Amino acid sequence: MSAPLLEVEDLSVAFPGEGGHVRVVDRVDLSIAAGETLALVGESGCGKSMTALAIMRLVPRPGRIEAGSHIRFDGRELRSLSVPQMRAVRGGQIGMIFQEPMTSLNPVTMVGEQVMEAIGLHASLAQTQARERVLELFALVGIPDPKQRFSAYPHQLSGGLKQRVMIAMAMAAKPRLLIADEPTTALDATIRAQILELLRNLSASTGTALLLITHDFGVVNEVADRVAVMYAGRIVEEGTRRELLSRPRHPYAQGLLRSIPRPEARGQRLEEIKGAVPRPGHWPAGCRFHPRCPSAFAPCPTLEPERTAVSPTQGAWCHLVAEESQR
Amino acid sequence: MHWTSNAVVLLLVIGGAWVARVVARNRFWRENAVQLWRRRPVTIVVIAVFVLVGLLDSVAWVGGGAADSFSATRPRTIIDRVFQPETFKEASYSAPMAGVSFYGGQPLKHPGAHLLGTDILGRDVVYRALKGVRVALLIGGLTSLVVIPIALLFGVTAGYYGRRIDDAVFFVMTVLASVPSLLLLIALVMVLGKGTLQVCIALGVTGWVHFCRIARGETMKLREADFVAAARALGVSEGRIIVRHILPNIAHLIIITFALSFTALVLSETILSYLGIGLEGSWGQMIDQARNELSRTPIVWWNLAGASVLLFALVLAVNMLADAMRDVIDPRTRREGQ
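These protein sequence lines are chains A and B, in that order.
Yeah, the first sequence ends on 327 if you go by the numbering used here, and it's all consecutive.
Yeah, the second sequence ends on 338 if you go by the numbering used here, and it's all consecutive.
Bound conformation, chain B alone (with noise of 0.2 angstroms):
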């Protein structure tokens, strides 16, 4: 299992340099590169963050740390190997920063290490945090790389040749929407079973009939364009009005669906977990254990907190990627001289 982790990653991390290469050599793509840098430093710094810590969690090797303790055996990620969680640990809730426990006073194993605290089990927040990144890059990424392809696809030749192909697609969605989609997901989920890729393909089951119809109907308006018209009347080919006009006319959309469908899956784990089918170790199981907490006097906010920020961090950063990107892409908004 950590072997396929490995596998993605170092995937991934080829891929994003070849897609560096490519961006550095490609006068336009530079620019834009280049332009929203400019325009969102921090964001892509956070993003960034993200990701690297999202990575970092998704290398695991078996070996090193404590000879005797059950971890020995099991396959490390290298947050895990910096927080080692076995030994990083106290006995039940500590406040952030503390010295001592929070209920009944006792010196604390690591007096003032907590940054934001220890739950109830004396798991340190932050580290448990960290190792939700992981799972929100994998809901969101991973269901929108299966959902945006599907509606494209699906979306476009039905905008584009309409008829029968349009009736076709159009009843599928129709259908799917008018199911409410927790019920569906809950259903899907029970099906396939709990798991990460599980989860993911129940979520991009319910989540692309929305784009796909953004993309259909972006579609048929693009089909009667002049500049479409005009193309046909140069002699290009149906496949090429698809990839070389009206694809590139809807890239925006893409971009922003992308964002707002990440942003949305992230959150809808949360919900998930709440209804107790979310993804182990995820912000929404926190957030969901964290609920009995509130009610503790004096209150232990601390576990919620470390979920919503880092959760409320990264869809914030998405959105505001995602309108910069939709800016500099669109020559349409781009501002001239710059």
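One chain only, chain A, in its complex shape (with noise of 0.2 angstroms):
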């Protein structure tokens, strides 16, 4: 495998809080080949969306990157990077889209003119060039009617419009990786899966990267190559989509995966895991989920477990895996 396009290697965030500064991300791990598409899951709270911020350097203050904490991307090391460096790889090399269309475009601007703000941020085109640019887009991310949504305020327009002018926007400088946080939470289920689809269709066609941040399988199911699973600020389970849908190791995991409604299981009461993700600064010592896990034992409340390597490429973060694996 060749150098992967972003590497992220014990990525800390930290918010001051009671008692000294808190950390809602903790020492992560990720990587990210071209082309790929990476599902960061984990349920709310977990710091999913706060490692995709960190990537951008975007920590809303007074949350900090801790020292020590490294986001290569390409071979560049973007914490390094100065101000107008870094803007000129938030949208240019790296796109951002957020959960919630309805409220992430600007209402008072047509959409076209803010597709062509995002064109004209990273390429010097003439007017009528960037807007032959925006019709394109436009038409990429399957928005009926290109040359009449330009002129349209968003609020004319349904969520499911909504974000794919984001994602025009997103995808605007031709960006090498794409970042999706939670993309189709707010949408209807018919419109998820046409922008999954649409996500999974760009990342092939134009060979975008995806991270995509979601708490749900069935997203995972539909467009992920590889997966990490993310629990209060730490990575406990990666592996490839196959991996870990057909063989969590992980409880917390295996926990998610229970989670899912199924035909099959019709009639049937849903699992779930008990009890709720803890406030950062009130995370357990040893393996953090160990209160909420169904198969914890001895070591699990002292001990912070280690990568266990499940297979080349799945590895788990539990003493139950790792102690499986000794045997």
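If you are wondering where the hints come from, they were derived from the structure by calculation, not from laboratory data.
Please note: incorrect hints may appear among the correct ones.
Unchecked claim - Okay, the calculated beta carbon distance ranges per label pair: (1) B:Leu153 with A:Ala204: 44 to 54 angstroms; (2) B:Ala33 with A:His70: 48 to 58 angstroms; (3) B:Glu31 with A:Asn221: 41 to 51 angstroms; (4) B:Lys221 with A:Glu304: 33 to 43 angstroms; (5) B:Gly162 with A:Asp29: 26 to 36 angstroms.
Said to hold, decoys possible - Chain B regions said to be covered by chain A (calculated; three or more residues, Cβ under 8 angstroms): (6) 219-231; (7) 236-244.
Quantities reported herein were computed from a predicted structural model and do not represent experimental measurements.
Virtual Cβ for every residue (Gly too), placed ideally from N, Cα, C.
Hints in hand, dock the two standalone chains.
Written out as structure tokens, the structure is:
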């Protein structure tokens, strides 16, 4: 495998809180190869979105990326870039789309102009050329009637169309990586499938790598090549889609997978993971999942688990998996 | 002095023509202008008349008129030349369109010609009220033009960047807001002296805090908006975010505030006149002088009426225009299919 496009190493993000700094993202490692789709999965509040913002160096104040974190994109360390250099990376090299298409567009500007602005930031095109490019992009992301939609205001578009506009904006400068933060959460089920298909097709046709943040294993199944599962600021398991969907090893990943409704399990009670993600700063010692873990045993409350390789591509941070693999 | 006034008129006319050209060429603004005209034709005509009178009263030159009179050496405006106030006057009060004087019943020099009568010195009320238009426009317009950029600059930067800048701006605002504004106004006028510009500055110093606070609050809200986060993720610079994403979203506030402060300023000038620090020839002064006439029997009402009807018309027209402009400019309130 060639050098990954994005390599995140030991990424920690901390916010000042009760009694000093509280980490919301804790020593996260991720890597994405060019053209690959990585799904980052986890419940709300486990640090997925903060990881994405940290990659863009957009952690909101007063949060900070801690020293010792590395974010390498295409061989360059993003943390050492100057502000203007970083601005060129945002949008230009790494595009990002957000969860809420309803509020992610400027309500008083025509959507076409907003996409035009995105184009103008990273390329110098004449007005007419930029306009042409907007129409191209609109067609690319499947917006019907691009010419008419150009001068529409956000409130005149449906949620699905708005998300398509957001995708067009993110893709405007032909980024090499697209970060999609829960892109389908706010959409109807039917639109969700369309948007996911669009993302998959875009990634395939343009060779753009995709970091997809989601809490929904259904979404993972649709688009991901590889999956990383996050819990309480840590990665707990990683592997290919096939590995994680068919043989998840970490009890948390197994629990997430079991909590998807399945047609064959009709009539049975849907399983859930008991409890909720602990708040940052209140993370338990040892394995952070142990208070909710059905198979927790002696070392779990005291010892932080190390990565156990299950296969060349799959690994889990779990004492149980470590013990099983030693046997 | 009258040449600066003439130059300002020239600049305003050129500026107005330039704005009209820009509006006519840009599809977005042209559509908005057409919408505005469709919604409030009467209001726009009323404001246009006010502006026209104000402009006509600003163009002045020396010469013409009776050679021997005092006024022959002084610059006179177009309005002056139309009304000829040196000769178009009576000895004292005359009721509207009366044929004889109000006290005594002597025949008038211009029977039936004073549409709104004359004041105690026999000056035509219509003429005096029209002279007040320019003063009112100056007070409202000039002060608003000073206040809004300052308030926007401080309010938006404080709201957007927060922290130290916000602390500093907020401190200044709190201090200014805690001084009784009338006291501050009087103090400033005493320090700066009486005069149009001085009074406008004094009104501006006391008036910017309110809008600054609104701009700051709204900016703080917008700073956290998803579309601002999205713009940042696209690599938009901070300055550009302010200009392209924050300001357009508070444009409706700017317009409303312009109208409200314009009208509030015109009205507050009457209070200044009441306190004796108002502007020469303003409606406030007319109303202040009319105060005493209300106690006469039979009552002398036309002085008060002349000033306050024009005052009311201007304030109402500006408010209505601002309301319509807000509706037209803000796409969120625009009705579909129009």
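Hint by hint, here is what the structure shows:
Leu153 (chain B) and Ala204 (chain A) have their C-beta atoms about 49 angstroms apart, which keeps the hinted 44 to 54 angstroms range intact. Distance hint check: the CB atoms of Ala33 (chain B) and His70 (chain A) are about 55 angstroms apart, consistent with the given range 48 to 58 angstroms. At about 47 angstroms, the beta-carbon gap between Glu31 (chain B) and Asn221 (chain A) stays in the expected band of 41 to 51 angstroms. For Lys221 (chain B) and Glu304 (chain A), the Cβ-Cβ distance of about 41 angstroms falls inside the hinted range of 33 to 43 angstroms, so the restraint holds.
Taking 26 to 36 angstroms as the suggested C-beta distance range, the pair Gly162 (chain B) and Asp29 (chain A) conforms, at roughly 33 angstroms. Restraint check on the segment 219-231 of chain B versus chain A: 6 residues with Cβ-Cβ distances below 8 angstroms, three needed, restraint holds. Beta-carbon proximity to chain A at under 8 angstroms applies to 3 residues in the segment 236-244 of chain B; the threshold of 3 is reached and the given coverage holds.
Every hint, counting from the list given before, is met by this structure.
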